[in-house]
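**Student:** Chain residues, written in single-letter form:
4 protein chains.
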Amino acid sequence: MKDKTKAPLIASTEIDIHFYDIDAVQMVWHGNYVKYLENGREAFGSKFGFEYMYIYDNGYIVPIVDLHVRYLHAIRFGEQIIVETQYIPCDSAKLMFNYRILRKSDRTVAVEASTIQLFMTKDGVFETSTPEFYRKWKKKWINSSI
Amino acid sequence: MKDKTKAPLIASTEIDIHFYDIDAVQMVWHGNYVKYLENGREAFGSKFGFEYMYIYDNGYIVPIVDLHVRYLHAIRFGEQIIVETQYIPCDSAKLMFNYRILRKSDRTVAVEASTIQLFMTKDGVFETSTPEFYRKWKKKWINSSI
Amino acid sequence: MKDKTKAPLIASTEIDIHFYDIDAVQMVWHGNYVKYLENGREAFGSKFGFEYMYIYDNGYIVPIVDLHVRYLHAIRFGEQIIVETQYIPCDSAKLMFNYRILRKSDRTVAVEASTIQLFMTKDGVFETSTPEFYRKWKKKWINSSI
Amino acid sequence: MKDKTKAPLIASTEIDIHFYDIDAVQMVWHGNYVKYLENGREAFGSKFGFEYMYIYDNGYIVPIVDLHVRYLHAIRFGEQIIVETQYIPCDSAKLMFNYRILRKSDRTVAVEASTIQLFMTKDGVFETSTPEFYRKWKKKWINSSI
Chain A
1 MKDKTKAPLI ASTEIDIHFY DIDAVQMVWH GNYVKYLENG REAFGSKFGF EYMYIYDNGY
61 IVPIVDLHVR YLHAIRFGEQ IIVETQYIPC DSAKLMFNYR ILRKSDRTVA VEASTIQLFM
121 TKDGVFETST PEFYRKWKKK WINSSI
Chain B
1 MKDKTKAPLI ASTEIDIHFY DIDAVQMVWH GNYVKYLENG REAFGSKFGF EYMYIYDNGY
61 IVPIVDLHVR YLHAIRFGEQ IIVETQYIPC DSAKLMFNYR ILRKSDRTVA VEASTIQLFM
121 TKDGVFETST PEFYRKWKKK WINSSI
Chain C
1 MKDKTKAPLI ASTEIDIHFY DIDAVQMVWH GNYVKYLENG REAFGSKFGF EYMYIYDNGY
61 IVPIVDLHVR YLHAIRFGEQ IIVETQYIPC DSAKLMFNYR ILRKSDRTVA VEASTIQLFM
121 TKDGVFETST PEFYRKWKKK WINSSI
Chain D
1 MKDKTKAPLI ASTEIDIHFY DIDAVQMVWH GNYVKYLENG REAFGSKFGF EYMYIYDNGY
61 IVPIVDLHVR YLHAIRFGEQ IIVETQYIPC DSAKLMFNYR ILRKSDRTVA VEASTIQLFM
121 TKDGVFETST PEFYRKWKKK WINSSI
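Chains as they are written, first to last, in this note's numbering: chain A, 1 to 146; chain B, 1 to 146; chain C, 1 to 146; chain D, 1 to 146.
If you are wondering where the hints come from, they were derived from the structure by calculation, not from laboratory data. Beta carbons are placed, not taken as given, at the ideal position from N, Cα and C, and that holds for glycine. A few of these clues could be false.
[Unchecked claim] Chain D is faced by these chain B residues, among others (derived, beta-carbon under 7 Å):
id : residue
1  : Lys35
2  : Glu38
3  : Phe48
4  : Cys90
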């Protein structure tokens with residue numbers, strides 16, 4: 001039997017850089033990468049059945065509580081980027097992702113990033129134990145029983 | 001008795017232009033002015049007791065259905081602008097505003113604009129007759145009985 | 001011989017709506033459509049050899065001087081839109097485009113819009129006569145001799 | 001003699017939260033805080049004579065190479081925030097800032113953040129030694145000789 005726990009869950013999505021993404025020094029404005037990371041999470045959700053609306057329909061939103069971005073290489077107008085979003089398994093009631101953003105033409109790494117999200121009920125309370133629907137999702141995709 | 005109908009209702013607000021507002025050709029990106037117009041409407045709401053939340057608490061949202069912007073003069077990094085927002089009275093169930101955006105330093109007119117908003121219930125239905133709370137507001141501020 | 005003057009020049013591009021495009025009343029924030037219109041012009045430029053950088057390399061930028069947007073139907077999270085950008089021929093030194101933004105799933109028209117751009121030299125002077133490179137482009141694509 | 005090295009350099013600026021800052025779950029969208037940090041750096045530059053244009057006129061841009069944001073408390077429509085930006089002295093050719101973003105009404109800490117910037121020449125080369133103009137600025141403000 002294949003051990004799912006060893007296969008990292010990664011989704012990849014491509015984004016065109018537009019004029020409005022570029023700042024006064026002719027590079028993508030650094031804050032725009034936060035949008036691209038969100039694109040990456042959406043692509044992950046689509047690929048692995050963990051969309052924002054699926055989470056919401058199960059009673060939760062998943063606000064970002066930690067964001068770390070390292071900028072390695074500037075991206076410019078007219079270029080295309082690839083956002084790779086990798087799910088990082090952990091035992092607590094969190095969503096952790098690592099990201100790489102690559103320039104498509106030559107796969108130069110432009111950005112490395114990570115985010116942590118918590119589960120919050122619609123009443124605004126942070127969930128401290130793993131929600132049941134998330135436990136099932138983990139069981140299915142990473143063979144986790146926690 | 002003072003005839004309120006003749007005094008235009010105008011609110012004015014100042015905005016600093018930041019690095020992230022500037023585009024690749026060193027001007028404020030044209031789409032950002034839509035934000036400044038929203039700032040202008042918020043300033044109008046504060047001054048004349050017609051805030052977004054007041055409208056919402058009365059059961060409505062007021063989506064923009066028409067936006068017209070004429071760009072007359074570019075604004076640059078580090079400049080300050082003044083947004084003047086004028087209420088345009090009309091008899092139907094609409095909110096109409098005209099705007100002027102001026103460079104603060106010399107009052108050069110950078111942008112002229114106008115918007116039209118309709119009243120929509122929270123169920124997503126456009127209201128065709130003037131909502132009662134808006135009728136009262138108009139009575140108070142522009143001496144209108146319609 | 002085919003009469004190029006009768007075939008409208010239209011480019012079409014698809015855009016995914018992301019979480020960050022959505023406002024507090026669960027619709028695409030109205031100002032974001034200005035980005036989508038820019039996407040439309042970029043798609044037009046790619047299809048018909050009139051990219052921003054081509055214009056720039058010929059000595060010009062083409063700032064928006066007039067923007068008109070009519071909002072007909074709200075777009076929501078997770079939907080896809082199609083931006084159709086049509087070149088409107090005119091005899092003066094202008095770029096005029098009309099746009100339709102459609103919800104992809106059922107082709108409901110969400111937005112109709114138009115923009116006017118002028119040719120500005122890199123020194124910031126508006127060009128009153130048609131630049132030579134634009135004249136050639138018009139000759140090629142719309143069989144215009146003006 | 002007052003020991004400048006012990007007095008932290010901190011600038012503070014206030015920001016109104018607008019409708020367009022709010023996301024579909026009624027909070028400030030997490031990516032917008034990157035703008036507020038930029039506001040904070042601009043306020044710091046104004047207060048301590050280290051504006052973006054001053055840096056630029058001395059031959060450099062200072063791109064962000066590292067961004068870390070911790071989100072502690074959500075901010076909502078109509079609230080005001082205070083961004084406190086503190087310069088963190090270091091001996092290498094870097095700019096390091098720590099930030100606190102507070103809700104103005106009750107000084108709840110909404111966000112803690114830090115950024116690192118490097119000095120890049122206009123030719124796109126990172127400077128490894130401290131630029132002379134920055135050395136002078138440090139001498140003046142933090143009594144540093146490095």
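**Student:** Are the hints correct? Go through all of them and say.
**Tutor:** For each hint, the structure was consulted:
Contact between B/Lys35 and chain D, as hinted, is supported at the beta carbon level, the nearest pair being about 5 Å apart and thus within 7 Å. Satisfaction of the interface hint for B/Glu38 is found here, the shortest Cβ-Cβ separation to chain D being roughly 6 Å, below the 7 Å cut-off. Interface restraint check for B/Phe48: the shortest CB-CB distance to chain D comes to about 16 Å, outside 7 Å, so the restraint is violated. Interface hint at B/Cys90: violated, since its Cβ lies 23 Å from the closest Cβ of chain D, which is beyond the 7 Å cut-off.
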